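J.: Residue numbers (my numbering), protein chains in the order written: chain A, -6 to 379; chain B, 618 to 753.
Fair warning: there could be bad hints in the mix.
[Stated by the list, open to error] To give an idea of the interface, some chain B residues facing chain A are shown, with a C-beta separation under 8 Å as derived from the structure: (1) Leu623; (2) Asn633; (3) Asn683.
[What the hints assert, rightly or not] Here are a few chain B residues that face chain A, going by a calculated C-beta distance under 8 Å: (4) Val622; (5) Tyr632; (6) Arg635; (7) Ile637; (8) Ile639; (9) Leu672; (10) Leu676; (11) Ile677; (12) Gly678; (13) Asp679; (14) Gly699; (15) Val701; (16) Gln702; (17) Pro707; (18) Leu708; (19) Val728.
No wet-lab data here; the hints were simulated from the structure.
This structure is a prediction, so every number in the text was calculated from the model and none was measured.
Even glycine gets a Cβ: it sits at the ideal position worked out from N, Cα and C.
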Amino acid sequence: MERNLQQVNTILNLAKLTESDIKKESHVLQFIPQILDSKQVKLLEVNKDTLEYIKSGECLFIKGGEDAHVVVCSNSKTFEFKEAETSNSLLLMPSLNHGKLIEATESRTLKKQEVFGVYHTYYEMRLTKPKLQSLRNALAKYPYKGKNSELSKDAVGLSFTELKNIIQASEEEIINRLEEIPAAKIRGKWRLLDVGFLFGWVSYLDSILREKQLSLEEVTPLNVEDWMGLYDIADVNSKCMSLFMEVDDDSLKWKSAAVSQLFALYLLPELRAFDSKDFFTAWQQSMPVGVTANEEDLNGVALVDYDSTPSLVKYLPEFELPEDINERLDILFRNRTKWTLQAITPYVQPLTDNNLNVAALLTKYARSSTINGVKYYSSKYITQTE
Amino acid sequence: MLLFVLICNLSFKNYNSRIITITYNYWLQYFYEGKCKSSSNQFQGDLETKSEEALGSKLIGDLHFNHEGHPIMIIGHHILHGKVQDLDKPLVVITKENDNVPDENNVTYGVTAVIKKKMIFKTRPKPIVGEMIKKL
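Could you build all of it, start to finish, from the sequences and the hints given here?
T.: Written out as structure tokens, the structure reads:
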């Protein structure tokens, strides 16, 4: 089935072209005997950074999750993994200087060019922000309530490898999130530190300080490690310190907002809606020495509803809300019809990505109005009569 | 209808990078098994065929270049004028490994080639009249 120059030139002429119109070298394209099977060999579109990453020998990890949601992860980034179909035919072939010579004359050369296969689909990677709430939810199944409350001698929780397997995010993104949330590695397994436990930890330290008539600023990290060494294990203590204190060289300071939020998270769930006067009193009274509770600290944790009588504080922590923007906004607007930007930001911030910041997300998914010079956001769908 | 022709910039080479599946879901099953297409590859003329397997060893057409460096393809009754372009984003060719392992959770692909350029063609019908007249 070998073509020769004469056949090629004949067809060329029929196409109203002459040999002087074209370059000396012509190629006959032919499929290889066994063309590539799209089940075995696939095409993946990558950006330039990812190509460099691949060339350096690093691996990509495909992680399937619920439904059809699939991601592919490098060591530090997460991408949506999608199939793209094209109505074009994509012929795959190596570069032309790999062709095999068929025939050569003084003026013309004919080469055979192999074509490996034909494709109509390829796969795309789109950089995305991973949904990491599943991480907190997975760890919450193994709450840690203190070394004396451990029910089993065996270590419970999830190893880091298990986390990498089930969480649709890159290793680096998982590590970063583990640092942000109250998670700790206990006997090799990751768990979530229970709110009650954390409240007890801070209160215990506070009681020691009161007894010694010292403020936190007057003690060193080493002091705290020593005192709390009796309360729980070293890894847990150091995690608590990182969550609730600012450590600057050898000096310590309470992270006011973090402590206030912790105490609100501890006090509120018992009664989902608290009489706000009672709540604010109890809240402030329970604070450690040197920490003042501000209503602003409730942002992202609870809502103060001044419209009802008596006014109520409702438990609404950000980390319990759905990660889909529409679902989340639906719950937020059912709890409070109109929100200022400041109040809604902590609930919307975690859903932002490179393309959309808080304001942009709200413009897209909510409705805004201005009352007395103040901008409020409300639901796009639920109509209010006011 | 556009007809792309992709060029790999090298012949197949072994990169160390791997694409590894960690967790599995039903969508990935389609990915691994390849979507079943009733593939009639739309090559006009001689190469219309019902299945991909039948394409093996088939001639596709002739490829020429004009003096500006633009490719010209002749497939069947058609002449296609094209351009050489860089791909906006490179394409990587990945090849399935450990084929004998039935464990779906352990599918791994090796990166075997990188494609950076394409030749893109548009069809323009051209009748082959001359030949038929000759035969009369």
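J.: Output the indices of the hints that this structure fails to meet, ascending.
T.: 14, 15 and 16
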